[in-house]
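Novice: Residue-level listing of the chains:
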Amino acid sequence: MSVSVMEGSMAVAEAIKVCRPKVISAFPISPQTHIVEELSKMVADGQLDAKYIRVDSEFSAASAVYGSSATGVRSYTASSSQGLLLMIEVLYAMAGTRLPVVLTGVNRTVSAPITIQPDHQDTMALRDTGVIQLHVENSQEAYATHIQAFKLAEDHDILLPVMVCMDGWILTHSYEPIKLEDQKLVDSFLPNFVPKYRLDPKNPLTYGAYADEQVQEFRLMQHFAMERAKSKIEVIANDYQKIFDQYYGGLIDEYKCDDAEVVLVAMGSVIGTFKDAVDTLRTEGVKVGIVKVRSYRPFPGEKIAQAVKNARVVAVMDKSMSVGQGGPLATDVKSAFANKEAPPVLSCIAGMGGRDVTIETVRKMVTKAQLALKTGKIPDIEYTDFRPEYLED
Amino acid sequence: MLRVGSVCEAGKSRLNKTGDWRTLRPQVTDKCNGCGICELFCPDSCIVLENKKAVIDYDYCKGCGICANECPKQAIEMEEERN
Chain Z
1 MSVSVMEGSM AVAEAIKVCR PKVISAFPIS PQTHIVEELS KMVADGQLDA KYIRVDSEFS
61 AASAVYGSSA TGVRSYTASS SQGLLLMIEV LYAMAGTRLP VVLTGVNRTV SAPITIQPDH
121 QDTMALRDTG VIQLHVENSQ EAYATHIQAF KLAEDHDILL PVMVCMDGWI LTHSYEPIKL
181 EDQKLVDSFL PNFVPKYRLD PKNPLTYGAY ADEQVQEFRL MQHFAMERAK SKIEVIANDY
241 QKIFDQYYGG LIDEYKCDDA EVVLVAMGSV IGTFKDAVDT LRTEGVKVGI VKVRSYRPFP
301 GEKIAQAVKN ARVVAVMDKS MSVGQGGPLA TDVKSAFANK EAPPVLSCIA GMGGRDVTIE
361 TVRKMVTKAQ LALKTGKIPD IEYTDFRPEY LED
Chain U
1 MLRVGSVCEA GKSRLNKTGD WRTLRPQVTD KCNGCGICEL FCPDSCIVLE NKKAVIDYDY
61 CKGCGICANE CPKQAIEMEE ERN
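Sequence order for the protein chains is Z and U.
For the first sequence, the working numbering assigns the number 1 to the initial residue and increments by one for each residue that follows.
For the second sequence, the working numbering assigns the number 1 to the initial residue and increments by one for each residue that follows.
It is worth saying that the hints were derived from the structure and are not from the lab.
Incorrect hints may appear among the rest.
Cut-off 20 angstroms, straight-line C-alpha distance, at most; resulting in silico cross-link-like pairs (EDC-like, lysine to aspartate or glutamate) [to be verified]:
| hint | chain 1 | residue 1 | chain 2 | residue 2 |
| --- | --- | --- | --- | --- |
| 1 | Z | 196 | U | 9 |
| 2 | U | 17 | Z | 212 |
| 3 | U | 12 | Z | 182 |
Partial list, derived from the structure: chain Z residues whose beta carbon lies under 8 angstroms from chain U [stated by the list, open to error]:
| hint | residue |
| --- | --- |
| 4 | 93 |
| 5 | 97 |
| 6 | 98 |
| 7 | 197 |
| 8 | 205 |
| 9 | 206 |
| 10 | 210 |
| 11 | 214 |
Over the 10 angstroms line for every Cβ pair with chain Z, so calculated as not near, a few chain U residues [said to hold, decoys possible]:
| hint | residue |
| --- | --- |
| 12 | 48 |
| 13 | 52 |
| 14 | 57 |
Every value quoted in this text rests on a predicted model; they were computed, and no experiment measured them.
Every residue gets a Cβ at the ideal spot worked out from N, C-alpha and C, and that includes glycine.
Construct the complete structure from the given sequences, taking the supplied hints into account.
Specialist: Okay, structure coming up:
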């Protein structure tokens, strides 16, 4: 074990290196670039025994790792924003053929308007692909979660691609001390990939064969694998803690929820800010807590409901929008609470296109949640830090 | 039974007899002199020459009509599929 100060991107590259993938394929796009740039350097310098396939697009990158994973080797790719959107067609096929590729979804918003700033609009578009989505709070968690991701993806009860989502720039381009684990220890946690099936010229197979009649059952098999992943994610997080003494939550992580009247629900790098905000608000006598959603797919509805059972109101922050509906995370939380005894849910949208989420932003959400509780009126969507002066008349 | 990933032995697409997509049916007439041009052009590889005459495998022929179009003797006629 050693500690070095490095960029979040380097932390991810270091994590991938100790996972010993055999094939990496990626197309550079901000803010994912530094991760794959560093990995290509590691391969070129002989530090990582892998094939690095340079490609002409993200569609090709996803296709290349689809193929390599089908031959039975550990495979990795990464992308952001438009690049992730271009991968979607392949990701549906990859999840359907149950190939345990690990990818990093470096969160960045999508065009239009064009910007390279972070929010969750891109990975939300991948929500229904059948790819497991794990969101991380900081670069050390990104390091740990990538190692966990391969173990989860390659489990024969699961066999699904896993995407580790991390906020672009905020995490990928900030420097922090990162604890790097010894190769031997990682090898003991993550043994070699043993494929269930693999492409072999001596024993030819068809992947993703034609079916009409069985599609419904086939999709259910994917769903059941996702359901099994719920307990597996928790087991793997606990096993990781035993070996590496680090824990960032399983499906969710709770922060001061036990006696909280207002519970905030969010994902990604905002959790750090939220914790500071909660500490500040608690010194002022406001009982606030946080549920960090670490696994977005599979969605841990039961866990969240359990965590907020003593709360009087829940405020969910979304960093993206399903245009025509609202915040996707809030929608999922509401659906998890439906037909159950659960506190009311306030949906807050903030931080889109990289707009700063500060302690003041969190304070506004908590105030709105308290007001909603007092008046008994919950607005459909609360647009936090909304700036009406930007609207066309 | 469905296997994980819809994985099966290779060659199973033979079971899917795509000939039933056909709306037009190529018929080889007596004008055929067995030159083999249709055999080369058929995109589904379902024409073979037997006794110097083109024979069509209707299990997989989708009725695209390329054979009839390419035949220098106009020996293949496209008829409405009634089966």
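Novice: Go through the numbered hints given earlier and state which of them the structure violates, listing their numbers in rising order.
Specialist: 3 and 4
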